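> As a plain string of letters, each chain reads:
2 protein chains.
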Amino acid sequence: MPNANHQIALVQNPAGKFSGSDFKLKKTPIPKPKKGQFLVRNLYLSLDPANRLWASPYASYTPPVGLGEVMRGFTVSEVIESKHPKFKAGDIVQGMDGWQEYAISDGVNYNEEGKVDTWNMKAVVKAGLPISAGLSVLGTTGLAAYVGLLTTCHPKRGETVLVSGAAGATGSIAGQLAKIKGCRAVGIAGSDEKCKILRKEFGFDAAINYKTQDLDKAIAKTCPKGVDIYFDNVGGDMLNIALTHINDHARVSICGAISQYTTLEKGIQGPSNYGYLLFKRARMEGFIVLDHYIKDRDKMVADMIRWIKAGKIHYRDEIVNGLAKAPKVINRLYDGRNMGKLTVKIGEEPAAPVKPKRKAAKKSAKKPKRKAAKAKRR
Amino acid sequence: MPNANHQIALVQNPAGKFSGSDFKLKKTPIPKPKKGQFLVRNLYLSLDPANRLWASPYASYTPPVGLGEVMRGFTVSEVIESKHPKFKAGDIVQGMDGWQEYAISDGVNYNEEGKVDTWNMKAVVKAGLPISAGLSVLGTTGLAAYVGLLTTCHPKRGETVLVSGAAGATGSIAGQLAKIKGCRAVGIAGSDEKCKILRKEFGFDAAINYKTQDLDKAIAKTCPKGVDIYFDNVGGDMLNIALTHINDHARVSICGAISQYTTLEKGIQGPSNYGYLLFKRARMEGFIVLDHYIKDRDKMVADMIRWIKAGKIHYRDEIVNGLAKAPKVINRLYDGRNMGKLTVKIGEEPAAPVKPKRKAAKKSAKKPKRKAAKAKRR
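Chains F and V supply the protein sequences, listed in that same order. Counted the way numbering that gives the first Met the number 0 counts, the first sequence spans residues 0 to 377. Counted the way numbering that gives the first Met the number 0 counts, the second sequence spans residues 0 to 377.
What the hints contain is simulated information worked out from the structure, not anything from laboratory work. Please note: incorrect hints may appear among the correct ones.
The list cannot tell twin chains apart, which means a pair is met if one copy fits it or any two copies do.
Straight line, CA to CA, 25 Å or less: simulated SDA-like cross-link-like pairs of lysine to any residue [stated by the list, open to error]:
id, residue 1, residue 2
1, Lys33, Lys311
2, Lys199, Pro223
3, Lys155, His248
4, Lys216, Glu264
5, Lys220, Ala58
6, Lys265, Ile240
7, Lys199, Ile179
8, Lys210, Ser271
Just so you know, these numbers come straight off a predicted model, no measurement behind them.
Excised from the complex, chain F in its bound form:
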């Protein structure tokens, strides 16, 4: 093991999209775990729209990343050395170990109360799913769809669910969960190719290309009974137009506002049509997926694995090789150029992290494996 930990620190708050000069590559010695800690080797790093929010000087549900600090990020990692009672060398864990090759963890990830523990991904390994899924369909992105749609909005059979950013890692899952619950799912995305994938691969009933279609007319056409649930990843004009299509007692789930993240310094566009919440006796609600990890992660992951194996949930991982590429590829999220979960591969997976029992290996879903493999080839 080389004694060098390559890290990427945030050194200035971005103006607009991320630029190379916002980050600095650092090389530090690999740290040693003390009692109650463990050392991880990061394998995969999650790039998420909210990263831009964290890199701004503004506090949101987390404090901003301090200048000079290693950039914050969700990770899937291998435990290398442990002095922590709950983790042992060889464990595959999902944590928040940042833009670096190695990290020391005390098993607690960030949230305001420090309650979100590092997740030992035994269930994923046992199910034979790719461990990178711990950042996508089974990670914060996929489970944000679960919490934001199922827990927050309680979709009922026959309702219409409209999803913005529908080709994204969260939106694509939200649409499929809507279908599982017997709803009509309509997705909004930024290209005809994405719209085709929404319909063909993710099973949306209809898709809208907001770049080429009149959004207002297109929502009216694809949601002829109005919108009962709007799952919003985008904010801005899209949220504002969608609000005019909500039905009585609609639920608007605020997952994110990607259209606003790169122009935070200019101020956020508020939804001037929020009065529809009154006219339609409707609600708009935000959620933080981490809050629900504490109580419900095991159940949510078990549900998702079951639906993946039953072919009801499909997902795409877009995996880019090499930590050093993170500062550049992250802008794909704000350009709408990514398709599926944008993930950076930092290190090679261990040859056989856990030996699955023969039976489990046989049962393991082939589709996700194929997809992950395909994604890796890009």
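Following the hints, complete the assembly by docking chain V onto the known chain F.
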């Protein structure tokens, strides 16, 4: 009975506040009820902030009032002649019989499904409360506070409830309901006199004069534990600033947006800080009080009467004499010049609408009677 029905029709959509030329006085013959109908003589007319919304060309939860039509309004009336099985001459009813002296009703008031029936105010008469209370504390304005605070937000003991438009007919009740539920109640109003009344008469723990104080700092000072429930009558900057003070799992109840009603044509100001709903896992929800009449009016009215009699709910009716004054005095709502429920007296109350039993008469709350009398003298 003279055979003339004085009416006020809307003849143009207002620009800004209401102006005299938006209305036209009309004189038509008093209509005759057919089978299934009854004739009412209007006694009191409710002037409400939302009237401006109804007079705009924009649909909200009701269609706009058509030009040339009698202006829409809630009323307390005496049934004069009835061919309706549920109403008889002498009944005091609350309906939506508009800006006119007489009206024909089929016992159904406006809502989208036509489900809100005219309310036979027996409980109010029996309780010995002034029948004008059927438009204020026991009418849509007071019950909007009930639905918007209790039904929509579920206040818990010890929480902080911030109310905008707190000296208004709805806001003042919302603050008192918050106190009944064991919350800290903080009100925002537009004059030192109103702030004093909020504290001394309505029992708010603190009051903010938004015209002379820095609202952001004043909220921070008067809500040291943050805001758990924000009951919003105002919208605009006030809503936007309040959002930055909400706590985790806060509820924002959208009752109205009076700051926006007279500038509808320029567009509504959207709350750019709606992202706090996400950061704070909070919800913003609208409601229409009429929806809750169908199922819960009797219970809500009984609760309110009980609290009034126990001295826990105080209210003010600002009663102006004469239908012809309605077009002018309604602007008091948008100037912030009214204090309490703005009501127009259209006709004299019948000498003894119902003879209360001696016991009921003795029990009747003295305070509201005195207040109503005081208000009438203005």
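> Hint by hint, say whether it matches the structure.
Verification of the hints:
For the identical chains of this complex, Lys33 and Lys311 are neighbours neither inside a copy (44 Å) nor across copies (60 Å), given an alpha-carbon limit of 25 Å. In this assembly of identical chains, Lys199 and Pro223 lie within 25 Å of each other by CA distance solely inside one copy; the values are 21 Å within and 53 Å between copies. Proximity of Lys155 and His248 under a CA criterion of 25 Å is satisfied in both settings, with 12 Å inside one chain copy and 24 Å between copies. In this homomeric assembly, Lys216 and Glu264 come within 25 Å of each other (Cα to Cα) only across copies, at 22 Å, whereas the closest approach inside a single copy is 32 Å.
For the homomeric pair Lys220 and Ala58, the shortest alpha-carbon distance between copies (21 Å) is at most 25 Å, but the shortest distance inside one copy (39 Å) is not. In this assembly of identical chains, the alpha carbons of Lys265 and Ile240 lie at most 25 Å apart whether taken from the same copy (21 Å) or from different copies (17 Å). For the identical chains of this complex, Lys199 and Ile179 are intra-copy neighbours only, at 16 Å inside a copy versus 56 Å across copies, given an alpha-carbon limit of 25 Å. When the C-alpha separation of Lys210 and Ser271 is checked against a cutoff of 25 Å, the pair qualifies both within a copy, at 22 Å, and between copies, at 24 Å.
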